[in-house]
Amino acid sequence: MPASIQHGRSANHTLRIVCPNGHLGFAPIKTGSFQIGCQCEPDLICADSGSCDVGPVPLGSDTSSSPRQWQVDDLETMLLASRRLGVPMIVGSAGDTGTNSRVDLFVGIIRDLARKHGLARFRVGYFYSEVSKEELRRRILDGDTVAGLDARPPLDLATLDATERVVAVAGIHPYTKLLDQGADVIIGGRSSDCAIFAAPAICQGFPEALAYFYGKVLECASFCAEPYGAKESVLGEITMDDVKVTAMLPEQRCTIASVAGHAMYERANPFFEHFLGGHIDMSQCRYEQYDERTVRVTGPSYVPAAELRVKIEGAGKIGERYVGIVGVRDPYTIANIDLVTAWARQQVVERFGKSGYELHFSVYGRNAILADREPLKAMPAHELGVVVQGVAPEKAMAEEVCMIATRQMFYARLPQVKGTAGGVAFLLDEVMPASPAYRWTLNHTMRLEDPLELFPISICETGV
Amino acid sequence: MMASRKLSEIAKTIRSKNAGVDKITFDVIFPDRATYDRVRESGVLSRAAVCRIFGVDAAQISDHVAFDPALAIKFTIYRQMPSGSPGDADIFGSQQYGPLLDIDVPRG
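Protein chains in written order, with the working numbering: chain A, 1 to 464; chain B, 1 to 108.
Any given hint could be a false lead.
[Stated by the list, open to error] 20 Å max Cα-Cα, derived EDC-like pairs, lysine to aspartate or glutamate:
| # | chain 1 | residue 1 | chain 2 | residue 2 |
| --- | --- | --- | --- | --- |
| 1 | B | K17 | A | E226 |
| 2 | B | K17 | A | D53 |
| 3 | A | K317 | B | D88 |
| 4 | B | K17 | A | D372 |
| 5 | B | K12 | A | E251 |
| 6 | A | K177 | A | D43 |
| 7 | B | K6 | A | E374 |
Keep in mind that the hints were calculated from the coordinates and are not lab data. Note that the structure is predicted; figures quoted are calculated from it, not measured.
Take the sequences, apply the hints, and build the full model.
Take a look at the structure:
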């Protein structure tokens, strides 16, 4: 049998982490590969639970994007393994957004599970990540620029006023502090994905460059393995010299291609990973096939930041929202669908004027998904689906905006249409209430004196 | 020169995904060094080609790199609006790669 990190540790000082899920609570942990991971002597079990990918609604409305029971199930799987093995468990960016309410929710679930299973007493550490609007207002007024990322302008008061809720993205610091205080379970507010894994490694004296890379490679669980299959566990091992990662599902492998491919996943640039306190440069990384299902990586470097700046994320409410759906089959109407939506929009303008609401038409079968960037927008399909969104300050108005636009597509006046009994097909002759509409108002950075200043930590005991 | 082939026939992975809330990043990953080099040298995924395909200005491309360890060409473009704003119909940015599949790649 070839050497495998599953079958024996490196002789040197190592730290092993099992990651069972790249977005805890969003889709369930596949427990088969997780149990295999738990048999490989992990020193910790860690998972990220957050993402901006779910859009601005969860942060703005302070909700999670998935049912509570899914979160309970994943936390139960991790907690029972963590307590049985006697190793710490870390979850970052609780409940998608990492807001204070999501941290409290997860801590509450941990307490409930401890009672339910009669677990022996253990220490739960947690920290918050929300930033008050007053703090940001003070900075703007003091001229302490809250700088925009990704070509956004600096934060101004109008944008701040339009913002509902703000979180800052923590680095390793609250995690290392809680680990030093003996936390057995850590529930983190919003934090960098890689920090969740880097923190315990840095606590144990492993080099920062390797530790942050270790986090980078583990944070999405089996996304760094092939063939594609999400929510399966991976096992990582860090030494003073390298990082290794291996797939736990027997059908999956970590390969040079899959691990290097993952290094560039969902980031603008594959060479740099930024976090509070600095970044790692991955341009000199070397990837080697260590055993059949394990890749070994060396060569990342760590670059401390000259100035401590923390990323902040904020969402603001635009209004209440209703959605309508219509279909179109007449080729002439399809060819003139922009005239149909323009007619419908004009009927809304006549009722409500030109402003004070938003109205959007997503034309499926033509260019709903790419909008103006669709190269085939002049070649619509033989059948279109148009999704209408009406957004307004009050529900009643949003419903009416959406209803006028949806209903009036039926009555659109096209000069040469043959069908004069109705211009569109209704799936439902009604419009449906949807989540309120929000937008990302903040994608910015602000200066910090102390990497812990926005992230108050707490520790408590639970169990029996 | 022999007939060209579609990018979807020779690439291992063609994907798009949010890179933060204001950008979408595209990864085109090849199965072997020869194919990777051929596509790079052909220019069919150059900055200019990306601008042409999506109808965007060069200023809309924030990053465009060849990533040797993954045998990948990767580029990132600014979104038309932040992810999940009303009117955005691809919150994860996960279906923006469609126009890349049928790109003709000249045979070497």
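Hint compliance check: list the failing hint numbers for this structure, sorted ascending.
When the structure is compared with the hints, none of them turns out to be violated.
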